[in-house]
Amino acid sequence: MEKLNPQQVAILYRHLDQNGTDDALIEELLDHLACEVEHFMWIGLSFETALEKVLLEANAKAVRHLREIYQIELTMTADQLREASLDDIVFEFRNKAYGAYDLRQEYRKSLRTALVLSLGLAMMLVALLSVFSGQKWSYMSVWGAIWTLGLVAVTYSGATWFQQRMQHKYRMAE
Amino acid sequence: MEPSGNEFLRGTLKTIVLKLLTEQGRMYGYEITQSVKERTQGEVVLTFGALYPVLHKLQQEGLLITESVEVDGRLRKYYTLTPRGNETALQKVSDFERFVEVMKHLLQPVPALSIGQ
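In the order they appear, the protein sequences are chains G and F. Quick note on numbering: the numbering used here labels position 126 of the first sequence as 131, and the sequence is numbered without any gaps. Quick note on numbering: the numbering used here labels position 66 of the second sequence as 1486, and the sequence is numbered without any gaps.
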């Protein structure tokens, strides 16, 4: 059986890409078309003729039609829609791996962590300033309490940030 | 097949795909189209435009699982039935067989003598 070389596969990929093939389908369609081309080459056609024959069938119209059918068939069911977040709906049929989806998913958490961190740092700074201004230091005073609270907040946000990073790393490795 | 054949095919595509997978175990898209073509002596030709939406839909419904394998430098996606997919396949095939039986009765000319029996 004839095998296509990477350059020949790349020609097919470009064709599919230029015709707006859905991200979720492109790898699979590429393999499909490559198999067809290989089949035609096996029965004796040259690569160019085989390619022409296959692309005639997989023309822009067919690919667009596929995309339309695909999106109608695979839209979320009513149940899924009820559970889906706005991000899920916006990113349906779009490339989630690119990064924007992750950023949006984590946005609330990141914002909260940042807020807690800055609040904690501010509290610690204020407590520190009060010590520098000559007041006697004691953990039992108001400033002592503010310092402790600030320290807790900074530790909490640090830990959350670290955990988020680890989760992200784990997801990427999947 | 005639264009009207396509109309009949659309409703049975899921059943065909599920049935093939019960027999062959693990298949990829092109293999399914070839298998259908061979077994029907070229009467039924599945286009990629019809096949892949069905495969992905079945996967979304949890009847199939996929596995990507690199073959000749490209990714090939293999489909396998889940246990639930297996049940659904059996169910759908028997439903379809019944349907075909009923249709046969419907298409047969009504024997004149049977009236009044």
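A few of these clues could be false.
Derived BS3-like pairs (lysine-lysine); straight-line CA-CA distance at most 27 Å [said to hold, decoys possible]:
hint, chain 1, residue 1, chain 2, residue 2
1, G, 66, F, 1524
2, F, 1457, G, 66
3, G, 8, F, 1524
4, F, 1524, F, 1457
5, G, 101, F, 1524
Coverage of chain G stretches by chain F, computed from C-beta distances (three or more under 8 Å per stretch; other residues unrestricted) [claimed, not checked]:
hint, region
6, 7-13
7, 28-35
These are calculated hints, taken from the structure and not from any lab test. By construction, the Cβ of each residue, glycine as well, lies at the ideal position given by its N, Cα and C atoms.
To see whether the hints hold, each was checked on the structure:
1. G:66 <-> F:1524: Violated, at about 38 Å.
2. F:1457 <-> G:66: Holds, at about 23 Å.
3. G:8 <-> F:1524: Roughly 46 Å between the alpha carbons, so the hint for residue 8 of chain G and residue 1524 of chain F is violated.
4. F:1524 <-> F:1457: Holds, at about 24 Å.
5. G:101 <-> F:1524: violated (49 Å)
6. 7-13: holds (count 3)
7. 28-35: holds (count 6)
Of the numbered hints stated above, those contradicted by the structure are hints 1, 3 and 5, listed in ascending order.
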